[in-house]
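Novice: Here are the chains, one letter per residue:
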Amino acid sequence: MDLASIVGILLGTALVIMGMLLEGDITMYFQLNSIFIVAGGTMGGVVLAYSFEHLKNALEALKIAFTDSDDDAGDIISILVSFAEKARREGLLALEDEASELDDDFLQKGIQLVVDGTDPQLVRNILETELDFLEERHSLSRGVFEKGAELSPAFGMIGTLIGLIGMLAQLDDPDAIGPGMATALITTLYGALMANLIFSPIAEKLKVKSQGEILAKEVMIEGILSIQAGENPRIVEEKLKAFLAPTTRNNFDEEGSEGRAVERDVAG
Amino acid sequence: MDLASIVGILLGTALVIMGMLLEGDITMYFQLNSIFIVAGGTMGGVVLAYSFEHLKNALEALKIAFTDSDDDAGDIISILVSFAEKARREGLLALEDEASELDDDFLQKGIQLVVDGTDPQLVRNILETELDFLEERHSLSRGVFEKGAELSPAFGMIGTLIGLIGMLAQLDDPDAIGPGMATALITTLYGALMANLIFSPIAEKLKVKSQGEILAKEVMIEGILSIQAGENPRIVEEKLKAFLAPTTRNNFDEEGSEGRAVERDVAG
Amino acid sequence: MDLASIVGILLGTALVIMGMLLEGDITMYFQLNSIFIVAGGTMGGVVLAYSFEHLKNALEALKIAFTDSDDDAGDIISILVSFAEKARREGLLALEDEASELDDDFLQKGIQLVVDGTDPQLVRNILETELDFLEERHSLSRGVFEKGAELSPAFGMIGTLIGLIGMLAQLDDPDAIGPGMATALITTLYGALMANLIFSPIAEKLKVKSQGEILAKEVMIEGILSIQAGENPRIVEEKLKAFLAPTTRNNFDEEGSEGRAVERDVAG
Amino acid sequence: MDLASIVGILLGTALVIMGMLLEGDITMYFQLNSIFIVAGGTMGGVVLAYSFEHLKNALEALKIAFTDSDDDAGDIISILVSFAEKARREGLLALEDEASELDDDFLQKGIQLVVDGTDPQLVRNILETELDFLEERHSLSRGVFEKGAELSPAFGMIGTLIGLIGMLAQLDDPDAIGPGMATALITTLYGALMANLIFSPIAEKLKVKSQGEILAKEVMIEGILSIQAGENPRIVEEKLKAFLAPTTRNNFDEEGSEGRAVERDVAG
Amino acid sequence: MDLASIVGILLGTALVIMGMLLEGDITMYFQLNSIFIVAGGTMGGVVLAYSFEHLKNALEALKIAFTDSDDDAGDIISILVSFAEKARREGLLALEDEASELDDDFLQKGIQLVVDGTDPQLVRNILETELDFLEERHSLSRGVFEKGAELSPAFGMIGTLIGLIGMLAQLDDPDAIGPGMATALITTLYGALMANLIFSPIAEKLKVKSQGEILAKEVMIEGILSIQAGENPRIVEEKLKAFLAPTTRNNFDEEGSEGRAVERDVAG
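Line order of the protein sequences matches chains A, B, C, D and E. Residue 63 in the numbering used here sits at position 24 of the first sequence, and the numbers go up by one each step. Residue 42 in the numbering used here sits at position 3 of the second sequence, and the numbers go up by one each step. Residue 108 in the numbering used here sits at position 69 of the third sequence, and the numbers go up by one each step. Residue 252 in the numbering used here sits at position 213 of the fourth sequence, and the numbers go up by one each step. Residue 138 in the numbering used here sits at position 99 of the fifth sequence, and the numbers go up by one each step.
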């Protein structure tokens with residue numbers, strides 16, 4: 040569970056409901072017709088703009104937005120440095136067994152390519168192409184939420200216009216203008232809530248998580264190529280740590296100090 | 040038929056009409072004058088901004104938005120891998136007949152260039168130039184819809200201003216202000232519907248489809264150049280699969296497993 | 040005459056006027072004061088933002104927006120292929136006379152550089168620098184219209200605020216609020232019309248035409264360098280056709296088939 | 040004096056004042072409180088966003104927006120071509136005296152580096168680094184005005200909200216709503232005027248002038264490196280003229296024809 | 040303390056409070072409910088969009104926005120030039136002690152890599168990777184404030200809609216509409232103030248400071264690599280000064296003149 044996502048959406052919802060309760064009767068903010076226009080119109084626009092497959096991917100991306108990502112760059116560096124040591128001691132072929140046990144498909148594929156003796160230029164080429172298209176797929180899934188954030192206030196306004204026009208055209212009793220206006224404005228409220236409480240923050244979360252995953256994969260590519268080039272494990276570690284924030288890096292140094300002591304014995 | 044496009048536009052329209060019906064008489068939302076101002080003004084602006092040829096291309100792009108694309112990267116990879124095998128067994132010239140049967144002009148041209156013995160650098164140059172200008176043409180056709188999405192709410196507001204000014208300037212009876220306002224607001228409603236139910240989602244759909252087509256063509260370029268370089272079909276497959284999503288890739292592996300078994304016999 | 044530009048601006052204007060006529064008396068939409076504020080304020084902002092020279096260039100760009108461009112990439116390719124043939128038969132110097140008869144300064148200059156025996160790297164360097172700065176000049180002229188499209192609705196709102204404040208501050212008779220409001224809103228209407236009927240579409244048209252001209256010049260650069268490199272005219276044609284849309288390309292093939300038949304005799 | 044800047048700001052101001060005079064009493068548009076909120080709030084936001092040093096630079100940039108720039112690319116090319124001739128006749132060292140008399144620090148420094156026998160790659164490196172950071176400094180100074188254009192309408196709205204809330208909360212006499220509204224709207228008017236009459240056009244002017252200065256410096260870099268490489272002055276001229284607009288170029292040819300006649304005698 | 044940040048936020052706040060005081064009773068602008076909706080909703084959206092770690096980083100970035108940065112490029116150049124001199128006289132190893140006393144981790148790490156005899160290409164690679172990810176982390180922290188600037192006016196509007204709907208739906212007494220409206224508008228006011236007085240200027244400040252830090256680090260990378268290449272200290276200084284504004288550069292020349300006199304003796 041991504042705690043921040045849960046806390047964020049609950050906090051926002053709670054405060055909006057609190058605001059409504061303070062106005063008196065919360066039921067006056069509930070209107071089925073408005074929900075249909077905003078949610079249905081927005082969904083119509085999004086379905087027209089994308090394919091059902093993109094929508095399925097976007098639903099999976101939604102799961103990602105609410106679960107913790109396991110792209111800890113620190114862990115990946117530890118694994119890569121230990122692979123670099125093993126490759127130096129026992130040769131590249133020794134990595135085959137370890138690769139098959141990896142969770143991450145991308146890292147596994149990269150190591151397998153190296154074990155297979157693929158040309159380094161081709162390894163980089165294949166992995167970077169995969170990364171480019173991963174980025175493109177992420178951006179498409181995010182696009183569904185961005186389009187939702189763009190269309191939902193528009194359909195909120197459309198619903199309010201429909202309500203206003205209906206009320207004004209049939210206006211007999213000037214006293215009815217207040218409640219009629221209130222009813223019409225509810226659709227605008229729904230559109231604004233959908234965009235700002237749900238779609239826009241989730242699109243941003245997906246962007247941030249995508250950057251994290253891409254960073255992790257960039258670390259993997261650099262590490263895999265360094266291992267293939269037979270670089271000194273200490274150099275590999277130094278290179279990969281440049282991808283980390285200084286604070287993360289310090290934690291990593293403490294944890295990793297024993298590992299490196301071992302490595303120095305071996306590499307020395 | 041692109042089912043998502045049809046479903047999307049029908050869903051949105053249905054919900055908006057439902058919203059109108061719930062207000063009472065749906066005829067009060069129909070106003071010919073408003074349609075003329077919004078549709079005509081938007082069309083005027085779009086025609087001024089583009090040429091008739093661009094508009095014709097945009098209409099064809101509209102067809103594309105509502106039909107299924109046949110750019111299945113998986114199929115293209117299968118074809119390219121089988122070509123790579125044939126070229127290895129029988130030489131590049133053997134591809135001439137197969138090329139002539141291809142549906143895709145781009146792929147056909149690329150294979151023909153290879154068969155003609157064109158310099159690899161020139162093959163890449165020609166195909167990438169074509170791809171760049173394909174992208175530019177797509178972006179021009181999409182531009183027509185993006186301009187429509189920008190201009191239609193503006194002409195909706197212009198129509199409403201014209202109505203409001205006319206009503207207010209001649210205001211004798213304060214009771215008439217309600218119905219007059221309703222009439223004026225209908226043009227704003229039309230502008231918002233045109234932009235958010237039609238132009239904006241279609242522009243997005245064209246963008247997504249354009250990305251799919253460009254991806255397919257990038258796969259073709261890589262494949263054609265690999266075939267020309269006489270690369271091992273297994274390597275060709277590995278390289279091209281990097282362009283696919285992991286899920287698609289797995290499907291492809293299952294389907295393609297026999298093909299590869301054959302290929303290994305041959306290439307081994 | 041660029042027919043689309045003329046038709047577009049007339050269509051938009053006609054529909055807006057029709058909308059006004061349907062409200063009754065069209066004279067109530069005419070207000071000199073409002074024209075002064077919107078047109079004058081916008082012009083003031085644009086003059087402050089640019090120099091008089093840029094404004095003069097923008098006026099010339101306006102002429103371009105309403106006249107047909109003669110950058111037919113097909114014609115240019117025909118000329119370049121015929122030059123490539125002549126250069127192969129009679130040497131580069133033979134192009135001097137033909138170059139002097141060319142309408143296009145850019146193409147003429149490029150051929151002249153080749154005839155003068157300039158280093159190919161320098162030819163590319165000079166022509167690409169010219170193209171970069173052509174693009175920058177186009178973008179400056181377009182900027183005048185984009186700034187106009189940004190400032191005119193703002194000055195429309197400023198005029199309406201001036202009118203509203205004046206009316207409200209002196210409000211004695213509540214019945215006067217309707218006509219006063221109508222008068223104030225006319226300035227907003229003018230600002231919206233200037234931006235959406237004139238400035239914004241013209242800026243887009245200039246952008247589209249600029250892309251066309253740049254494409255034509257890119258074709259020229261490729262062609263000139265191919266001629267200088269003494270490439271086979273058939274290869275030159277193949278390379279340059281990659282810049283065209285497939286449909287245009289087919290037309291070109293039909294027209295050009297005789298030329299190529301001749302060329303093959305020569306080159307063969 | 041940059042005449043266009045002066046004319047533009049006077050024209051805009053005059054028409055706005057004219058608009059106010061036509062409403063009757065111009066003093067009703069003057070309200071000290073509103074000036075404080077818009078000007079003070081905008082200044083507060085800008086000071087928070089930048090440092091005092093950036094503000095000082097922005098004030099100097101303001102001077103630049105209202106004075107003529109002396110970056111005439113034509114003059115610079117004349118100087119560089121004459122330097123190229125002198126360097127060919129008398130050697131690079133002969134440029135030392137002339138360089139010391141140059142107004143432009145950038146050109147002077149470049150020539151001095153060449154006279155000092157600095158490595159050409161390092162000369163390019165140093166001059167391009169300077170140009171990059173010149174561009175960054177320009178963009179920071181411009182940013183102050185762009186932030187002003189963004190914040191001033193927002194503080195106009197904030198002032199109007201403060202006025203509206205104050206008026207509505209204390210509303211006893213419905214007749215007072217008109218004048219109260221007028222007073223509240225004045226702050227919105229001030230914000231719109233500050234953004235559209237001052238900040239936005241000045242930011243654009245600075246951008247245009249910055250482009251002009253950067254173009255001039257790019258001409259200098261190309262010229263300096265050509266001189267260092269000992270290129271033929273005619274080639275130098277040809278290369279640098281590619282940076283000019285065709286019209287400017289023609290003027291330059293006429294003026295420069297004598298100079299070139301001399302040069303040909305020498306270079307021939 | 041970053042004086043401009045403090046002065047800016049105090050100035051803006053003071054003027055807004057002054058504006059409220061002039062309307063009469065300042066307590067009518069204070070409403071707890073509105074604060075909860077705007078601040079809570081915005082915080083909800085930001086927490087959903089980012090992780091708690093990013094929020095912690097954003098709070099630290101807030102500290103940076105209000106404290107003086109110590110990235111004086113002039114000081115850094117002085118240090119690097121003195122290191123270049125020392126390295127020339129006593130060899131690269133002599134820098135080890137001095138490096139260990141440096142405050143800046145980035146510079147220290149770079150010098151240490153050089154002292155360790157790391158390959159120059161790898162040194163550049165490591166330092167530039169660090170710089171890229173520093174830039175990415177800065178942009179994430181800034182994103183928290185940019186998201187706040189985007190969401191707070193939206194939640195201001197949401198709060199106002201909740202208030203308006205509640206008031207209009209229960210409207211009995213038309214006289215109550217004024218005060219009810221005033222109450223509803225307060226939430227819009229809070230949203231506008233949060234965005235324009237706090238979030239937007241702070242995001243800009245962080246951007247400006249980030250650019251300053253990145254400039255300083257770019258100077259360090261150039262300097263470190265020049266020292267490793269054993270370049271003449273005078274050349275190092277000349278290269279690095281290209282990163283400075285001309286005015287800063289002149290100050291630097293005066294301060295640094297003695298240093299350079301010494302250096303010339305040594306290097307000569």
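Think of the hints as simulated: they come from the structure by calculation, not from any bench. None of the values given here were measured: they were computed from a predicted structure. Accuracy of the hints is not assured; some may be wrong.
Remember, identical chains collapse to one label, so a pair may be satisfied in a single copy or spanning two.
[As the list claims (entries may be wrong)] Dumping the calculated DMTMM-like pairs for lysine to aspartate or glutamate here, alpha-carbon to alpha-carbon at most 25 Å: (1) K102 / E261; (2) K102 / D143; (3) K95 / D114; (4) K246 / D144; (5) K95 / D171; (6) K102 / E174; (7) K246 / D41; (8) K95 / E270; (9) K246 / D64; (10) K246 / E174; (11) K95 / D143; (12) K125 / E257; (13) K102 / E92; (14) K95 / D64; (15) K102 / E62; (16) K125 / D212; (17) K125 / D158; (18) K95 / E252.
Novice: Look at each hint and say if it fits the structure.
Specialist: Hints versus structure:
1. In this homomeric assembly, K102 and E261 never come within 25 Å of each other (Cα to Cα): the closest approach is 29 Å inside a single copy and 34 Å across copies.
2. Proximity of K102 and D143 under a CA criterion of 25 Å is satisfied intra-copy only: 18 Å inside one chain copy versus 38 Å between copies.
3. With identical chains, the CA atoms of K95 and D114 are at most 25 Å apart between copies only, with a shortest distance of 22 Å across copies and 30 Å within one.
4. Within a single copy, K246 and D144 get their C-alpha atoms as close as 21 Å, which meets the 25 Å cut-off; across copies the closest is 30 Å, which misses it.
5. In this assembly of identical chains, the alpha carbons of K95 and D171 lie at most 25 Å apart only when taken from the same copy (21 Å versus 30 Å across copies).
6. Taking CA atoms no more than 25 Å apart as the test, K102 paired with E174 passes inside one copy only; the shortest distance there is 18 Å, against 29 Å between copies.
7. Within a single copy, K246 and D41 get their C-alpha atoms as close as 15 Å, which meets the 25 Å cut-off; across copies the closest is 28 Å, which misses it.
8. In this assembly of identical chains, K95 and E270 lie within 25 Å of each other by CA distance neither inside one copy nor across copies; the values are 42 Å within and 36 Å between.
9. In this assembly of identical chains, the alpha carbons of K246 and D64 never lie at most 25 Å apart, being 38 Å within a copy and 45 Å across copies at closest.
10. Taking the shortest alpha-carbon separations for K246 and E174, both the intra-copy value of 10 Å and the inter-copy value of 16 Å come in at or below 25 Å.
11. Only within a single protomer do K95 and D143 lie at most 25 Å apart by alpha-carbon distance; the minimum there is 22 Å, versus 29 Å between protomers.
12. For the homomeric pair K125 and E257, the shortest alpha-carbon distance inside one copy (21 Å) is at most 25 Å, but the shortest distance between copies (36 Å) is not.
13. Within a single copy, K102 and E92 get their C-alpha atoms as close as 16 Å, and across copies as close as 20 Å, so both meet the 25 Å cut-off.
14. Neither within a single protomer nor between protomers do K95 and D64 lie at most 25 Å apart by alpha-carbon distance, with minima of 38 Å and 38 Å respectively.
15. Proximity of K102 to E62 under the C-alpha cut-off of 25 Å is found in neither arrangement, the shortest distances being 35 Å within a copy and 38 Å between copies.
16. Taking the closest pair of Cα atoms, K125 and D212 never come within 25 Å of each other, the shortest separation being 85 Å inside a single copy and 82 Å across copies.
17. In the homo-oligomer, the alpha carbons of K125 and D158 lie at most 25 Å apart both inside one protomer (20 Å) and across protomers (23 Å), since each shortest distance falls under that limit.
18. For the homomeric pair K95 and E252, the shortest alpha-carbon distances inside one copy (20 Å) and between copies (20 Å) are both at most 25 Å.
Comparing the model with each earlier hint shows violations of hints 1, 8, 9, 14, 15, 16; every other hint is respected.
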